[in-house]
Amino acid sequence: MENKRRLFLKCACATAVGAVGSTKLIAAQSDTKTDTTEAEVNYALIHDETKCIGCEVCVDACRETNNVPEGVSRLEIVKTGPFGEYPDQYFSFSRKSCQQCDGTPCVNVCPTGAAYKDPKTGIVSVDSWKCVGCMYCIAACPYQVRFINPVTKAADKCDFCKETRLKEGKSPACVAACPTKALVFGNLKDPDSEIVKVLKTTPNYRRKTELGTRPKLFRIATKSGEIKL
Amino acid sequence: MNPFHFDSLVWHWPIAIYLFLAGISAGAICFAVLLKHFKLGQNAYKSSFVQAACLLAPLAVFSGLGILVLDLTKPFDFWKILVFYNPTSIMSVGVAVLMIYQVALFSWLACLFKEPISNWCDHRWPLIDRILSLLDKHEPTITGLLVMLALSLGAYTGFLLSALTTFPMLNNPVLPMLFLVSGISSGAAGTLLGGLLLKGNPDSKEVHFIHHIEIPIILFELVLLFTFFIGLIISGGQSQAAALTALGEGFWGWIFWAGIIVIGLTLPLAFNLFMTASSKRKLSYVAITASCSLLGVLLLRNFILYTGQMTVA
Ligand code: SF4
Ligand code: SF4
Ligand code: SF4
Numbered sequence: 001m002e003n004k005r006r007l008f009l010k011c012a013c014a015t016a017v018g019a020v021g022s023t024k025l026i027a028a029q030s031d032t033k034t035d036t037t038e039a040e041v042n043y044a045l046i047h048d049e050t051k052c053i054g055c056e057v058c059v060d061a062c063r064e065t066n067n068v069p070e071g072v073s074r075l076e077i078v079k080t081g082p083f084g085e086y087p088d089q090y091f092s093f094s095r096k097s098c099q100q101c102d103g104t105p106c107v108n109v110c111p112t113g114a115a116y117k118d119p120k121t122g123i124v125s126v127d128s129w130k131c132v133g134c135m136y137c138i139a140a141c142p143y144q145v146r147f148i149n150p151v152t153k154a155a156d157k158c159d160f161c162k163e164t165r166l167k168e169g170k171s172p173a174c175v176a177a178c179p180t181k182a183l184v185f186g187n188l189k190d191p192d193s194e195i196v197k198v199l200k201t202t203p204n205y206r207r208k209t210e211l212g213t214r215p216k217l218f219r220i221a222t223k224s225g226e227i228k229l
Numbered sequence: 001m002n003p004f005h006f007d008s009l010v011w012h013w014p015i016a017i018y019l020f021l022a023g024i025s026a027g028a029i030c031f032a033v034l035l036k037h038f039k040l041g042q043n044a045y046k047s048s049f050v051q052a053a054c055l056l057a058p059l060a061v062f063s064g065l066g067i068l069v070l071d072l073t074k075p076f077d078f079w080k081i082l083v084f085y086n087p088t089s090i091m092s093v094g095v096a097v098l099m100i101y102q103v104a105l106f107s108w109l110a111c112l113f114k115e116p117i118s119n120w121c122d123h124r125w126p127l128i129d130r131i132l133s134l135l136d137k138h139e140p141t142i143t144g145l146l147v148m149l150a151l152s153l154g155a156y157t158g159f160l161l162s163a164l165t166t167f168p169m170l171n172n173p174v175l176p177m178l179f180l181v182s183g184i185s186s187g188a189a190g191t192l193l194g195g196l197l198l199k200g201n202p203d204s205k206e207v208h209f210i211h212h213i214e215i216p217i218i219l220f221e222l223v224l225l226f227t228f229f230i231g232l233i234i235s236g237g238q239s240q241a242a243a244l245t246a247l248g249e250g251f252w253g254w255i256f257w258a259g260i261i262v263i264g265l266t267l268p269l270a271f272n273l274f275m276t277a278s279s280k281r282k283l284s285y286v287a288i289t290a291s292c293s294l295l296g297v298l299l300l301r302n303f304i305l306y307t308g309q310m311t312v313a
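Protein chains in written order, with UniProt numbering: chain L, 1 to 229; chain D, 1 to 313.
Don't read these hints as lab results, they were simulated from the structure.
Any given hint could be a false lead.
[As the list claims (entries may be wrong)] Here are the simulated EDC-like cross-link-like pairs (lysine to aspartate or glutamate), alpha carbons at most 16 Å apart as the crow flies:
#1 L:Lys153 / D:Asp77
#2 D:Lys46 / D:Asp129
#3 L:Lys120 / L:Asp159
#4 L:Lys153 / D:Glu115
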């Protein structure tokens, strides 16, 4: 009996120590995460739905620049409508791509660290060599924008053209290609940037913020055309 | 909606099988430990039921890991999961637990079978004798660790899914508890079935002992399922929609009510109560009861995995 009780106590202590240890670890991890927001640069994007005409030039530009294989895409324009009576009909367009979350559900679940947030630019990206293709991140992304690249077999998604256009010092392909200038790309840390000015003066919204994702894809709403309760 | 193919589906049935096998392994080894400590003592290794549990635990965990690896898009890169760790990732922590669990598992098995092992070695290899006596000295610690790791493993199968904020039905605090408890009951069922296959006596004290624990476990599972779904329904919004889609009509609704509630829980409970009352256990009764609970747990894993991914936050 003595022995059993001692065993039980040992177990209980070990469990307590383990539990405290792991919460410490997680706390330490989130500390380092807030550090990254101290960096000089934190890129974000605005999609102005009032200017978007749904031409999908951005979609093609992205595919070409980033060599995205057919059958998958980093960027889609979702069309809803038509609203109103002929001839005054119109559609509304919404951008479906990585929201570049500051709270990164995809990074938190990745077992190898292949999904990561670049501390210098705040861009969420994938190291395709480290990725084993467990698809945990695809399930964890509430915006359902990640996919397995059929060529690399790794998880893939929009990275603000980090490896292509940004390296050449240019703005992302979709932003440059947009004929109506509906996309604004810039650094949230720079108070003089266009993106900060627009965000400070124009009502905007983000999607699914209640999940703690802190997305950096901001949207300027167009007239909605329907009343949803 | 096709029950096996829909847009928001990311993880398919191999993951459900993996979760099922990890749960069985954890449950079976818990029963082996309990049987040894409370019923059989030093001679535990002679019992067919303990032997079945000791075969089942490592086999289930190996095949589960095998399925997990094959299900990766890059199976040959699986070693990267073992080399790179991410403390915020439940999968990463779970793989670490699985590795330590296997070490504890084999150490405990060595303690359990030390007599046949040392008889067989007949002091030919002094190293093995030394290892055995070392393990034997620390047996209480190993046992404690093993039980803790087995319980963590069982709970991990639930945490893996409940970490997904995308899906309100999976992102549910009751899920780890539910999977832990159903994993333990599948371990009991696996131990019973395996023991019978190894020619164990269906009216032995091992069977009585396991059945005795099974009744409260099934009742607790029912309470957890109730809490799980009532919790979702009263949360409103997408949680409610998720619960109602899962439990409603259609393929998965049938699986839940007929497969999980009736075959997986109610029948075993009824059989168990009946056998306790009549106090005589026949082979067919024990085998049917165990098969029903095993099937129920397998269906539960698939049901939660698939219906959980149907509704997005
Ligand atoms: S939108 Fe999805 S993929 Fe992009 S950062 Fe957020 S969670 Fe990750
Ligand atoms: S699929 Fe790749 S990037 Fe996504 S969680 Fe798994 S290892 Fe990480
Ligand atoms: S920023 Fe680059 S990667 Fe992202 S959608 Fe635009 S073009 Fe594609």
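Hints versus structure:
{"no.": "1", "hint": "L:Lys153 / D:Asp77", "verdict": "holds (11 Å)"}
{"no.": "2", "hint": "D:Lys46 / D:Asp129", "verdict": "violated (21 Å)"}
{"no.": "3", "hint": "L:Lys120 / L:Asp159", "verdict": "holds (14 Å)"}
{"no.": "4", "hint": "L:Lys153 / D:Glu115", "verdict": "violated (50 Å)"}
Of the numbered hints stated above, those contradicted by the structure are hints 2, 4, listed in ascending order.
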